[in-house]
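Asker: Single-letter residue listing:
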Amino acid sequence: MDKELRHRLVDRRRDEARIAGENRLLEMVARGHPLPRVLDELCRLAEDLFRNCWCGVVLVDPSGARLERASAPSLPDSFIMAVNGRPLRADSGPKAMAAHLDEQVIAADLASDARWAESGWREMALSHGVHAVCATPIRSTKGKIIGAFAVYFRDPRTPTAAEHTLIEHFTNLASIAIERARDEESILRSQMQLAGEKRLLEMIASGHSLPDVLNALCSFVEEAAPVCVCGVYPIDWSGPTFHVGAAPSLPASYTTPIEGLPVRCDVAPCGIAALLKTQVIVEDIETDPQWHGSSYRDHVLAHGLRSVWSTPIFSQEGRVLGTFAVYQRKPGAPSLRQQELIAQVTHIASIAIERVRAEAALRRSEAFLAEGQRLSLIGTFSWRVATDEIKWSEEAYRIFGVDPGTPVTIGLVFGRIHPEDAPGFMARTERARRETDDLEFECRLLMPDGSVKDVHVVAHPSRDRRGQVEYIGAIQDVTERRRSDDAFATLRSELAHVARVTTLGALTASIAHEVNQPLSGIITNASTCQRMLAADPPNLAGARETVRRTIRDGERASEVITRLRALFSKKTSTTDCVDLNEATHEVIALTRSELQRNRVILLTEFADDLPPVNGDRVQLQQVVLNLLLNATEAMTAVEDRPRRLVIRTARDDHEGVRLSVQDTGVGVDLDHVDQLFEAFYTTKGNGMGIGLSVSRSIIESHDGRLWATPNDGPGATFLFSLPSSRSVSSARVIGFRKRA
Amino acid sequence: MPGSLLVSIVDDDASVRESLPDLLGTYGLMSRAFSSAGEFLSSKFIDQTDCLVLDVAMPGMSGPALQQELSRRGKAIPIVFITAVADESLCPQLLAAGAVDCLLKPFSEAALLDAVTHALRAR
Chain A
1 MDKELRHRLV DRRRDEARIA GENRLLEMVA RGHPLPRVLD ELCRLAEDLF RNCWCGVVLV
61 DPSGARLERA SAPSLPDSFI MAVNGRPLRA DSGPKAMAAH LDEQVIAADL ASDARWAESG
121 WREMALSHGV HAVCATPIRS TKGKIIGAFA VYFRDPRTPT AAEHTLIEHF TNLASIAIER
181 ARDEESILRS QMQLAGEKRL LEMIASGHSL PDVLNALCSF VEEAAPVCVC GVYPIDWSGP
241 TFHVGAAPSL PASYTTPIEG LPVRCDVAPC GIAALLKTQV IVEDIETDPQ WHGSSYRDHV
301 LAHGLRSVWS TPIFSQEGRV LGTFAVYQRK PGAPSLRQQE LIAQVTHIAS IAIERVRAEA
361 ALRRSEAFLA EGQRLSLIGT FSWRVATDEI KWSEEAYRIF GVDPGTPVTI GLVFGRIHPE
421 DAPGFMARTE RARRETDDLE FECRLLMPDG SVKDVHVVAH PSRDRRGQVE YIGAIQDVTE
481 RRRSDDAFAT LRSELAHVAR VTTLGALTAS IAHEVNQPLS GIITNASTCQ RMLAADPPNL
541 AGARETVRRT IRDGERASEV ITRLRALFSK KTSTTDCVDL NEATHEVIAL TRSELQRNRV
601 ILLTEFADDL PPVNGDRVQL QQVVLNLLLN ATEAMTAVED RPRRLVIRTA RDDHEGVRLS
661 VQDTGVGVDL DHVDQLFEAF YTTKGNGMGI GLSVSRSIIE SHDGRLWATP NDGPGATFLF
721 SLPSSRSVSS ARVIGFRKRA
Chain B
741 MPGSLLVSIV DDDASVRESL PDLLGTYGLM SRAFSSAGEF LSSKFIDQTD CLVLDVAMPG
801 MSGPALQQEL SRRGKAIPIV FITAVADESL CPQLLAAGAV DCLLKPFSEA ALLDAVTHAL
861 RAR
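Those protein sequences? They're chains A and B, same order as listed.
Heads up, the first sequence is in the numbering used here, so the first residue is 1 and it goes up one at a time.
Heads up, the second sequence is in the numbering used here, so the first residue is 741 and it goes up one at a time.
These aren't lab readings, by the way, just hints derived from the structure by calculation.
You may find that some hints are simply not true.
The calculated label-pair distances, taken between Cβ atoms and stated as ranges, are [said to hold, decoys possible]:
no., chain 1, residue 1, chain 2, residue 2, range
1, A, Glu639, B, Glu828, 45 to 53 Å
2, A, Leu540, B, Ala754, 18 to 26 Å
3, B, Tyr767, A, Leu540, 15 to 23 Å
4, A, Ser701, B, Tyr767, 53 to 61 Å
5, A, Asp579, B, Leu835, 42 to 50 Å
6, B, Ala754, A, Arg431, 57 to 65 Å
7, A, Arg705, B, Gln788, 56 to 64 Å
8, B, Ala754, A, Glu639, 30 to 38 Å
9, B, Gly800, A, Asn711, 18 to 26 Å
10, A, Ile561, B, Gly800, 27 to 35 Å
11, B, Phe785, A, Arg705, 51 to 59 Å
The C-beta atom is built at its ideal place from N, Cα and C for all residues, glycine as well.
Could you build all of it, start to finish, from the sequences and the hints given here?
Answerer: Rendered as C-alpha cells:
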C-alpha cells in the first residue's frame with residue numbers, strides 16, 4: 001500500500017470511529033446518562049482521535065463567574081482540582097480565558113507563554129506534562145458560554161487542520177450534552193425544591209413545632225447543597241437577642257453561645273444582616289479584615305468553618321424576624337443556585353416563624369377575649385335555627401350558671417328564663433326563626449338559687465353556604481348596671497329638680513311679672529265693673545265688657561300658674577309627642593319679662609314643617625329655658641352691641657329636629673367648651689352651670705345631642721338635636737321585659 | 741274734680757291699656773293709652789298730658805328711660821310708675837328721680853286713684 005492510500009485509509013477509519021463514537025455519545029445523552037460520564041466518554045473519544053494529548057471539559061457555573069465540574073478522565077485529580085473554581089478571567093487559565101473572551105485560545109508552547117504564569121496554572125500544567133493547549137468555548141444554542149473544551153498536548157505544537165475540525169465537532173457534542181443535562185438538572189432540581197418546599201409548607205400548615213420545621217428546613221438546604229451547613233436564628237426584639245431556632249448539623253459548642261447573643265453589628269455577621277436588613281457574605285472569615293481579631297472569628301474557625309453567609313428573614317411587613325446562616329468548610333461565595341435556595345428557604349422560614357408568632361398572639365388574644373368577657377360580663381353564643389344547635393362561650397356558661405362544657409340545648413335555655421318573661425322569650429325566639437332579623441331584647445333569668453339576673457341579648461343572623469340560618473350574638477349580665485341605671489335615673493331626676501329650683505330662683509321676677517300682669521288687669525277690671533254698676537243709671541254694657549276682661553285675665557293668670565307648676569314640680573318623666581315649636585313658645589312666654597329686663601332682643605325662626613319628637617315635654621322645656629337664661633346672662637355685660645338672641649328650630653339630617661339658641665354675649669372658649677357641660681362647672685358668678693350638665697343629660701336620655709359652638713361674630717350658639725318620633729320608632733329596642 | 745284732665749297710659753300690656761282708661765273714665769278722667777314710649781313721644785298728646793301712668797319694663801325704651809327723656813326735653817309731667825316686677829330697690833330710685841308714685845301690679849283701685857290724684861295735684 002502506498003503511503004497516501006494508507007493515510008486516506010487511516011483518515012477514513014478515524015472518521016468512521018469518530019462517527020461511531022459520536023453516535024454512542026448522542027445515545028448516552030438521549031438515554032439520560034449522567035453528565036460527568038458523558039463528558040468523560042467524550043474526552044476519551046477525543047483522546048483516541050487526537051495524537052499524544054489529553055482532553056478536558058469544564059463548565060461555567062450558573063452565575064457565570066467561575067469554572068466548575070471539570071472533566072479530564074485521563075488527567076489526575078490534582079489537575080481537575082486546580083481547574084475547578086477558577087474565576088472566569090483571562091489570566092486564570094486557557095479554558096477560563098476562552099470562556100471569558102468567547103474565543104479559541106491556543107498556547108503552542110506553554111514553557112515560553114507567560115499568560116497564566118502568575119495564576120500558577122502554567123506551572124501546574126507543565127508539572128502534569130502539558131506543553132501546549134487549545135481551549136475552545138462551548139456555546140449553548142442561544143449563544144451563551146456554558147463551558148470550554150480543551151486539548152492538552154504533550155509536545156509544544158498547534159492543532160492541525162483536521163484536529164480543528166474535530167475540535168469543532170466535540171465542542172458541538174459537549175454543548176448538546178451540557179444543555180440537555182442542564183435542562184434535566186434544572187427540572188429535577190426545581191422538582192426537588194418544589195417537593196421540599198411543599199413538605200416544609202405542609203409541616204407548617206399541619207402545626208408542627210417551629211424547631212421541627214426549622215430543622216427540616218436546614219436539612220433540606222444541606223441536602224440540596226451538600227457542602228453547606230445551616231442555622232436559623234430567630235430574633236427576640238425585646239432584647240434584642242438571637243435564639244437558636246435550628247442548626248441540626250452544628251455542634252452544641254457552636255450554637256450555645258448564639259443563644260441569647262445580643263443583636264449587634266459587632267458580634268457576628270448575623271447581627272449586621274439583622275440590623276442593616278441586608279445579606280452579609282463573609283467569603284473567608286480567616287482573612288476577612290472586618291472580623292480580624294474578633295472572638296467570633298476564633299469561634300467559627302475552631303469549628304472548622306471558613307465562609308459565613310447570613311441572610312435576614314423578613315416578615316411580610318418587612319420586619320426582620322431572624323437570620324438564616326449558611327456555613328462552608330472552605331472559603332467561597334454562594335453560587336447563583338445557592339442564592340436561589342437561600343431566598344427560597346428564608347421565605348419559608350419567614351412563614352414558619354410568623355405563623356408560630358401569630359398563633360401565640362392568637363392564643364394571647366383569645367385569653368384576652370375570655371378575660372374581657374369575664375370582666376364585662378358578656379358571653380357570646382351561636383344558635384343554629386334549623387337544628388337548635390347552641391354554642392356558648394365560657395362566660396355565657398357562667399351567666400347561665402351552667403358548668404362549662406355541658407351540652408347546651410334549647411330546653412336548658414328555656415329552663416333558665418324567668419317564668420314571667422318566658423312567654424315573651426318564646427314569642428321572640430319564634431319570631432327570630434320565622435323572620436330572621438336582628439335580635440335585641442332584655443329578659444330575666446331565674447337562677448337555681450332563686451336569684452334573678454337581668455340579661456341583655458343582641459344577635460345578628462347569618463346564612464351559611466347551604467342557606468341555614470345561624471344567629472351569632474352576645475349576652476350581657478346587666479343586673480348590676482340595671483341597679484346603677486335606676487340609681488342614676490333617680491339622681492338625674494334629683495339633679496333636674498335642683499336645677500329647676502335654681503332656675504325658679506332666677507325666674508322669680510319673671511314669674512311674678514307674668515302673674516301680676518293679669519292680676520292687675522283683673523283688679524282694675526273688677527273695680528271698674530263695680531263702679532259702672534254703682535252708677536246711676538248703671539253702665540251695664542261697660543260692666544259686661546269689664547267682666548269679660550276679668551275672666552280673660554283670670555284665665556291668663558291660671559295658665560301661667562299651670563305652666564309654672566308643670567315646669568317646676570318634681571315629677572317623674574312621661575313620654576309624649578312633643579311639638580318643639582309650641583313647647584319653646586311656652587318657655588318664651590315665661591321668660592319674656594326676664595328678657596326685657598335684660599334688654600335682650602329675641603328673634604324666633606321656627607321651621608313650619610317641624611316633625612314632632614318623642615319625649616318628656618317638661619324636661620325638654622327645661623333645657624330650652626336653661627339655654628335661654630344662659631344666653632341672656634352671657635349678654636348682661638354687653639353694652640357695645642345689641643343683645644340679640646335668636647332661637648331657631650329646623651329639621652336635622654336623618655329626620656331629626658334641631659333647636660339652636662344664638663346669643664351675642666361673651667362667647668365660649670373652644671378649649672373649655674366641653675367643661676361647660678360638666679356638672680358644677682360654671683364661668684358665672686351666680687352659678688347656673690349645673691343647668692348645662694343636666695340639660696345635656698336630659699337631651700342624651702332622649703337619644704339626642706347637645707353642644708356649643710362659637711359664632712363667627714360675637715357670642716355663642718348652643719344647639720341640641722333630637723331624633724323625630726318617626727325615626728325613633730323604627731330604631732327602638734324591642735323589649736318585652738316586665739319591670740317588677 | 742276738673743273734667744278736662746288727661747291721663748296718658750304707657751304700657752306694653754294690652755290688658756292694662758284696656759282696663760285703666762275705663763276705670764279712670766268712671767272717675768271722669770280723660771285718658772289715652774300708648775303701647776310704647778316711642779308711640780307716646782311721637783304723639784300730639786304729649787303736651788296735653790297732665791299725668792303719666794307709666795309701665796317700668798317694656799320692649800324698646802323702658803319707663804325710666806322715658807322719664808329721663810321727658811326730663812331732658814323739659815317736660816315736667818307728673819309720673820305714676822306701675823310695675824309687675826317686684827324690685828325693692830327700683831321704686832325709691834324712681835321716686836328719687838322725681839316720680840310721684842310707684843305702684844306694684846296688681847294695685848288696688850284706691851291706690852291708683854290716690855296716686856293719680858296726687859300727681860294731678862302736684863302739676
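Asker: With reference to the structure, classify each hint as holding or not holding.
Answerer: Hint by hint, here is what the structure shows:
{"no.": "1", "hint": "A:Glu639 to B:Glu828: 45 to 53 Å", "in the structure": "violated (25 Å)"}
{"no.": "2", "hint": "A:Leu540 to B:Ala754: 18 to 26 Å", "in the structure": "holds (24 Å)"}
{"no.": "3", "hint": "B:Tyr767 to A:Leu540: 15 to 23 Å", "in the structure": "holds (19 Å)"}
{"no.": "4", "hint": "A:Ser701 to B:Tyr767: 53 to 61 Å", "in the structure": "holds (58 Å)"}
{"no.": "5", "hint": "A:Asp579 to B:Leu835: 42 to 50 Å", "in the structure": "holds (46 Å)"}
{"no.": "6", "hint": "B:Ala754 to A:Arg431: 57 to 65 Å", "in the structure": "holds (60 Å)"}
{"no.": "7", "hint": "A:Arg705 to B:Gln788: 56 to 64 Å", "in the structure": "holds (59 Å)"}
{"no.": "8", "hint": "B:Ala754 to A:Glu639: 30 to 38 Å", "in the structure": "holds (31 Å)"}
{"no.": "9", "hint": "B:Gly800 to A:Asn711: 18 to 26 Å", "in the structure": "holds (25 Å)"}
{"no.": "10", "hint": "A:Ile561 to B:Gly800: 27 to 35 Å", "in the structure": "holds (29 Å)"}
{"no.": "11", "hint": "B:Phe785 to A:Arg705: 51 to 59 Å", "in the structure": "holds (54 Å)"}
Checked against the numbered hints above, the structure violates only hint 1.
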